[in-house]
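A.B. asks: Place chain A on chain V using the hints.
Sequence order for the protein chains is V and A. To convert, note that position 131 of the first sequence is 592 in our numbering; the numbers rise steadily by one, no gaps. To convert, note that position 25 of the second sequence is 28 in our numbering; the numbers rise steadily by one, no gaps.
It should be emphasised that the hints constitute simulated quantities derived from the structure, not laboratory data. Ideal placement from N, C-alpha and C gives every residue a C-beta, glycine not left out. A hint or two may mislead.
[What the hints assert, rightly or not] With a Cα cut of at most 20 angstroms, we get these calculated EDC-like pairs of lysine to aspartate or glutamate:
#	chain 1	residue 1	chain 2	residue 2
1	A	Lys111	V	Asp551
2	A	Lys137	V	Asp547
3	V	Lys595	A	Asp89
4	A	Lys153	V	Glu507
5	A	Lys37	A	Asp49
6	A	Lys129	V	Asp547
7	A	Lys26	V	Glu507
8	A	Lys26	V	Asp506
9	V	Lys484	V	Glu507
10	A	Lys111	A	Asp80
11	V	Lys595	A	Asp93
12	A	Lys13	V	Glu513
13	A	Lys26	A	Glu55
14	V	Lys595	A	Glu55
15	A	Lys111	A	Asp122
16	A	Lys50	V	Glu507
17	V	Lys484	A	Glu55
18	V	Lys611	A	Asp49
[As the list claims (entries may be wrong)] Among chain A residues calculated to face chain V with C-beta under 8 angstroms, some are:
#	residue
19	Asn53
20	Asp68
21	Asp93
22	Ala152
23	Leu154
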Amino acid sequence: MRKLNPEHVAAAIAYSAQVPFLKLAAVCLTGLEDGGISRMELTLDERHMNPEGGPHGGVYATLVDSATWWAVYAALQEDVGHTTLDLHVDDLGRALGGTLFVEGRCVKLGRTICQAEAFIRDESGKLVVHGTSKLMVVPGIPTISQAAEKTGPGPMPPKYLD
Amino acid sequence: MRELNPEHVKAAIEYCGHAPFSKLISFRLTALEKGGVSRLELDLQDKHMNPEGGPHGGVYAIMVDEAAWWAVYAALDEDAAHTTVDLHVDDLGKAMGGTLYAEARVKKMGRTICLAECDVRDACGKLLVHGTSKLMVVPGLATVAQTMAKLGLSPVPPKFMEV
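Just chain A, with the same shape it has in the complex:
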């Protein structure tokens, strides 16, 4: 099995941290793992909350959308790019604050359509949200490496190592 190159994972985490939307919402990619796993965290702040209490539903949806995208990224060939086709979010519990932890896993890596699922938990491990997303591999779409080159970031190390 090919292993993800830890240097590439580091560059991807940094790249995600530079994205305007991740800065706006304050989520951070913390890990990519082999076989299509991603981990994302978000420290809840006042800006995420509804006046009636609890985080806005958009916060959960953003985490599922983003984590699912990165889970597929972690399993995708180096020269391929993908985009989200749909997103489904089930709200299962209420977060009282603190840090939210999202873990997404690829369930099916298709040649064109991929399915990923995601759990969002609070710091106690309580399941708050389960979500799924379908993503499509699109020939010709800009890859992360191409976008990084365009943005003038240093060249990204190879994604996979043969072991």
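This is chain V alone, in the form it adopts within the complex:
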């Protein structure tokens, strides 16, 4: 298995931290691991909540969408871009507050279509959401390295170690 370059992972985490929508929703990428694994966190506060109580369903959907995208990213070759085709979110429990922990896993890396899943757990480890997403590898759409060069953070270190 190819090994992710820890310096590339650090640059991807820094890149993700300046994505406007992730900043807005306070979603943090915390790790990328070999074989297509991503980890994200979100500390719930008042702005994520429904007036009736509990986080807005859109918070969960945003976490599944992001974690599955990054899970496929962690398995994808360096020079291709990918985009989300669909998203499925199953609500399985209720988070009462605190921090949500998300693990994304790429379950199939196809030449064109990839499938990933995500688990959202609360601080006690209770499974709150399971989600899946299909993503498409699209030749010619910008990779994050290209976007990083264009939008600020600058060139990223190589993705994989030899």
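C.D. replies: Chain A in isolation, oriented as in the chain V frame:
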């Protein structure tokens, strides 16, 4: 058929506008219609976008989730409350900017499980997203009217009028 009370719809739109998450994301409920229809709008801004271009997928998912919830709300009995069980979003096109329009419709009003579907279009009418959501009617869950009372908002007018 019972008609939605326009005064209640106005109060619901205002209530949605007060919710912290709607303010954060800047979506707005614009209509509830009889039979279980809701309309939602969002003006795309820099904060919604990916650096690679296009809105973040979470923006579409939030609109489908919210519009589906309100579509079921528009058909639900006054004293019942509901919560989302699942959400499915299919990305069908790319928004170039401007305003996104979501229209959600109830496909099945069950005693316990309801299904709603939602289209999200851009200002030209191009279909960007189709989504579905299942929602569950939960006895004992706080209703919008109860939550409004708890938040100290003025009492909400009756939801339906007999015609």
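A.B. asks: Sort out whether V:Glu507 lies within 20 angstroms of A:Lys26, counting only the CA atoms.
C.D. replies: 11 angstroms, holds
A.B. asks: Taken at face value, is the distance from the CA of V:Asp506 to the CA of A:Lys26 at most 20 angstroms?
C.D. replies: 14 angstroms, holds
A.B. asks: What's the verdict on A:Lys129 and V:Asp547, does the C-alpha distance respect the 20 angstroms limit or exceed it?
C.D. replies: 18 angstroms, holds
A.B. asks: Would the pair V:Lys595 and A:Asp89 pass a check requiring their Cα atoms to be no farther apart than 20 angstroms?
C.D. replies: 16 angstroms, holds
A.B. asks: Compare the distance between the alpha carbons of V:Lys484 and V:Glu507 with 20 angstroms, and conclude whether the hinted pair is satisfied.
C.D. replies: Roughly 15 angstroms separates the two Cα atoms, so the pair holds.
A.B. asks: A:Lys111 and A:Asp122: Cα distance at most 20 angstroms?
C.D. replies: Roughly 16 angstroms separates the two Cα atoms, so the pair holds.
A.B. asks: Given the hinted pair A:Lys50 and V:Glu507, is their Cα-Cα distance within 20 angstroms?
C.D. replies: 19 angstroms, holds
A.B. asks: Measure nothing beyond the straight line between the CA atoms of A:Lys37 and A:Asp49; if it is 20 angstroms or shorter, mark the hint as holding.
C.D. replies: With a Cα-Cα distance of about 35 angstroms, the restraint between A:Lys37 and A:Asp49 is violated, given a limit of 20 angstroms.
A.B. asks: Run the distance test for A:Lys13 versus V:Glu513: straight-line Cα separation, threshold 20 angstroms.
C.D. replies: Given pair A:Lys13, V:Glu513 holds - Cα atoms ~19 angstroms apart, limit 20 angstroms.
A.B. asks: Is it true that the CA of A:Lys111 sits at most 20 angstroms from the CA of A:Asp80?
C.D. replies: 14 angstroms, holds
A.B. asks: A:Lys137 and V:Asp547 were given as a pair; does the straight-line alpha-carbon distance stay at or below 20 angstroms?
C.D. replies: Judged against 20 angstroms, a Cα distance of about 16 angstroms means the pair holds.
A.B. asks: Sort out whether V:Glu507 lies within 20 angstroms of A:Lys153, counting only the CA atoms.
C.D. replies: 16 angstroms, holds
Of the numbered hints stated above, those contradicted by the structure are hints 5, 13 and 22, listed in ascending order.
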